[in-house]
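> Listed below, chain by chain, are the residues.
There are 4 protein chains.
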Amino acid sequence: MPSTDIATLLIHCPDRPGLVHDVTGFISSHQGNIIDLQQHIDAEQNAFFMRLEWSMENFTLDNEEIESRLQPLARRHQMQMSLTFASRRKRIALFVTKENHCLYDLLARHEAGELPVDLPLIVSNHETLRPAAERFGIPFHHFPITKENKLEQEQAMIALLKQERIDTVVLAKYMQIIGKAMIAEFPNRILNIHHSFLPAFVGAKPYHQAFQRGVKIIGATSHYVTADLDEGPIIHQDVMRVSHEDEVADLVRLGRDLEKNVLAKALWWHVRDRVLVFKNKTLVFD
Amino acid sequence: MPSTDIATLLIHCPDRPGLVHDVTGFISSHQGNIIDLQQHIDAEQNAFFMRLEWSMENFTLDNEEIESRLQPLARRHQMQMSLTFASRRKRIALFVTKENHCLYDLLARHEAGELPVDLPLIVSNHETLRPAAERFGIPFHHFPITKENKLEQEQAMIALLKQERIDTVVLAKYMQIIGKAMIAEFPNRILNIHHSFLPAFVGAKPYHQAFQRGVKIIGATSHYVTADLDEGPIIHQDVMRVSHEDEVADLVRLGRDLEKNVLAKALWWHVRDRVLVFKNKTLVFD
Amino acid sequence: MPSTDIATLLIHCPDRPGLVHDVTGFISSHQGNIIDLQQHIDAEQNAFFMRLEWSMENFTLDNEEIESRLQPLARRHQMQMSLTFASRRKRIALFVTKENHCLYDLLARHEAGELPVDLPLIVSNHETLRPAAERFGIPFHHFPITKENKLEQEQAMIALLKQERIDTVVLAKYMQIIGKAMIAEFPNRILNIHHSFLPAFVGAKPYHQAFQRGVKIIGATSHYVTADLDEGPIIHQDVMRVSHEDEVADLVRLGRDLEKNVLAKALWWHVRDRVLVFKNKTLVFD
Amino acid sequence: MPSTDIATLLIHCPDRPGLVHDVTGFISSHQGNIIDLQQHIDAEQNAFFMRLEWSMENFTLDNEEIESRLQPLARRHQMQMSLTFASRRKRIALFVTKENHCLYDLLARHEAGELPVDLPLIVSNHETLRPAAERFGIPFHHFPITKENKLEQEQAMIALLKQERIDTVVLAKYMQIIGKAMIAEFPNRILNIHHSFLPAFVGAKPYHQAFQRGVKIIGATSHYVTADLDEGPIIHQDVMRVSHEDEVADLVRLGRDLEKNVLAKALWWHVRDRVLVFKNKTLVFD
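Line by line, the protein sequences are chains A, B, C and D.
If you read the first sequence in the working numbering, its first letter stands for residue -16, the second for the next number, and so on.
If you read the second sequence in the working numbering, its first letter stands for residue -16, the second for the next number, and so on.
If you read the third sequence in the working numbering, its first letter stands for residue -16, the second for the next number, and so on.
If you read the fourth sequence in the working numbering, its first letter stands for residue -16, the second for the next number, and so on.
Please note that the accuracy of each hint is not assured.
Repeated chains share a single entry, so a pair holds when one copy, or any two copies, can fit it.
[Unchecked claim] No more than 30 Å apart at the CA atoms, straight line, and that leaves these computed lysine-lysine pairs for BS3-like: (1) 81 - 163; (2) 130 - 248; (3) 264 - 248; (4) 262 - 188; (5) 73 - 264; (6) 188 - 73; (7) 248 - 188; (8) 73 - 130; (9) 262 - 130; (10) 188 - 145.
No wet-lab data here; the hints were simulated from the structure.
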């Protein structure tokens, strides 16, 4: 039976002539049919970027063979490559604290079949959302955090995530700063949602800051978590118009819609392997 | 012949019961018909705000009498009032440097009859846009600025603006910092357009800053000019989606559309007396 | 103990001078403090519209007295009035079929305390979403519909809604046409969400129609249900950019986000008594 | 001296494996460096689409040779190809009637160097905008149209356009229906701006229609002109929020901003050869 799988390749390397031809030659020579190809040059950085999807239907290599067979090509062009398959669903851990809007939004999308991922666990520093997790039948792990136990608890979380073979951590309104050990374990694989239009209003209470400044538009930003708080590569942003009628409580309420939609969209691109990180910025091949 | 004029009253004062009834009583008792009324309370500040338009068709007071007749009411409630009439067109001075997009946009709107203002003069620190001004038959005044002559030239500008009875100054991409003397002369009557989504990217080269940070949305902000650069009350903001495909030059090009539309909209509200400034924030009664 | 209740009055009537003064006089004379007032004239229709909120804190009339005491005023000006109180939460029935996105969105908002309503029941023509209802502990009523039993089932639904003292019906992706009897029972109190930017793409399969036409933007529309399918007064609309990359399945997926957000926003305004219907159009006092 | 020219190739053909490799092989074999490549498959139509830009810096073929040398490839895969060069600026004719907003917007963009085209002439059925044309030094041709002379005048226009080697006609608020002869002469090279969100409100007076229906959002659509009025392939659309406060005159005023921005954006993509027409729909490779 022919495979219905789809392979996705994300590449970046120094730019030079012939790169597209070389890579597509590899696909063609093994009878792959390219479904989608987007390529971009950053002239200033002399950098080449490409995202490529091909059908495995008649492909003459097995999934497991491809990476090693691509090595000579990668070495020749100093390529950084990431190869994934639609058949291998990503395993996602959701981290939450007390607010339910991002959590329910992701759980509903998952139940509707919109998010092609496994959701084996929810982590929280509070018990508040345990009933929400239980309603959807997803194991809920409570890791209470204090100044004293923070490092230790993070080690326990990492152990759990490894044991559950988690690919990606989604901070769905998790109100704790992520430690260096976890960031190192999941480089460009921890998504956060920040409730402002970064880089405006970094840090705490962005809606209060926005209200004080009297902005006419509020925003939300999803980014990968790095060691610099609120400074990681931005994946997606969106905004909403507000007015003098809106008090801080209105901004908080309106902002929830931004937050859940922006996080869901960023995660959609992430799980479809449409995001490539390069020097603290992202390319999103939409 | 009955007047077809429309009076507009902007009010703010400490909140207390009966304010709307008192003010509308004044209008009713002189046979004015209210066309539009918007009222807002800032509970935290205990502040009352109202904008009121009424038809002068059967009004029993002359335009000139109204302000003094409102005084007892104003004193009783400690009201700050601003009274204007549609029949008295505002006189606007446009300040430009080298970029033409905001200038042409405002001139075309004016020629199409969209902006009900007089445009008696254009001021610039460069000669570049003199032909543009001349095409539309508007006197162009060149005030070259150097470190040495800046204060002196600003005094000359102020004299010109006074002589021409200018109400409002529009900085339509005027690339000079406005001095304190001019700000004092035109409080909340100098509009600027800043090419970022304030408070993100204050200061110079915001599009370069936006590119470096890798934001997915760029913006523009129109605000009243105060002594704190880029910190004045925001009137209007808008944004636009960008991607990794967009280089700095693209951001600059795309941003021009934002800038001209945001400035024109802010000016539209300003000339219709729809903006009320309170403690470094605006209320826009749209 | 003084009341913390808030009264809201929606009014429309033929325009004439003195209306605002008369109505605010009624509030003032009973020691009410107006919190928010928006007034609008439709000059072409000679129609006057007003929305008014006042604090009941020191008001000298009981909630039950107000309506009758307003009658002389209403008669004098031929006013249509609607009076509501924040203390009386609306009772909402959610109607669904098989899709879960609007349902979960509203349930999550309700649980988060964002929607100040009672949700005593969910109605469906299918069993599909019973587990969703049960997760949130809301009674689920299954009314299977066939050509033969449609009228009869609708009578049974109406009886249930009356028994449960339902104020407003929300069609949260209910894929059945509502009959005349129910519309007559709930005039301007049945909200629907249509998955297109009305009046484009009325009727069935709007996303397929949008795909065929090659539009670059898709939309969703929430409106009150009237006897003319898809022709009722529009409350809210929103849109989203799409491209040639998006197939029908993508439009359906993306559209779900529009649908849930547009319906939730329309419902927010409805439950806050911010929507006034006049001649098949709405005024939304935002 | 090496060329700084850039070649752009737009291709569509039946899908089959190896197409990208074949085309990029042609570029590589002549030392071209690909700058930008976007490829798309329409699985339902089994159609392949690609846009490709390459640098001519070291390319071993002259501009004039390329098309014929591509023929074997095109025949082999039944490719429809369009080849253009950045060095050959398109020659654009602007058609206007009485409204100035799209005209001034395009003239200002051109003067600012934003639109890399030649503007050798403006055509109008009225004299109204002659002064606007003359201000910018562009020849203005007046073709008054009556029922009797319409066909004849259109022939005269076509002759003028041919004589001036016009590539593309832009209907910048030209209030006449274009005849079949001209459409045949400029297939997918006449851009129109329609003042509604098509397919809503086709035909005359769309803002009046929008007002009557009570929509909460208005739009504008730029499309290629075909024999079916308002039914041609859509290039770009945008929308704007309106409210019950907006009368028809406001919709017209607000709509002007949409119209000029949507037309300018569609033209930008058209002149950069980013639009591919396939079966009454467009692919816009942004």
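> Hint by hint, note whether the structure agrees.
Results for each hint:
1. 81 - 163: For residue 81 and residue 163, the Cα distance is within 30 Å only inside one copy (23 Å; across copies 44 Å).
2. 130 - 248: neither (33 Å within a copy, 40 Å between copies)
3. 264 - 248: The answer is both: 17 Å in one copy and 26 Å across copies each meet 30 Å.
4. 262 - 188: Cα proximity of residue 262 and residue 188: in one copy and across copies (28 Å, 21 Å).
5. 73 - 264: within (23 Å within a copy, 35 Å between copies)
6. 188 - 73: Classified as neither; 32 Å inside a copy, 32 Å across copies.
7. 248 - 188: For residue 248 and residue 188, both the intra-copy (23 Å) and inter-copy (24 Å) Cα distances are at most 30 Å.
8. 73 - 130: neither (32 Å within a copy, 45 Å between copies)
9. 262 - 130: Neither, since 32 Å and 40 Å both go past 30 Å.
10. 188 - 145: neither (33 Å within a copy, 45 Å between copies)
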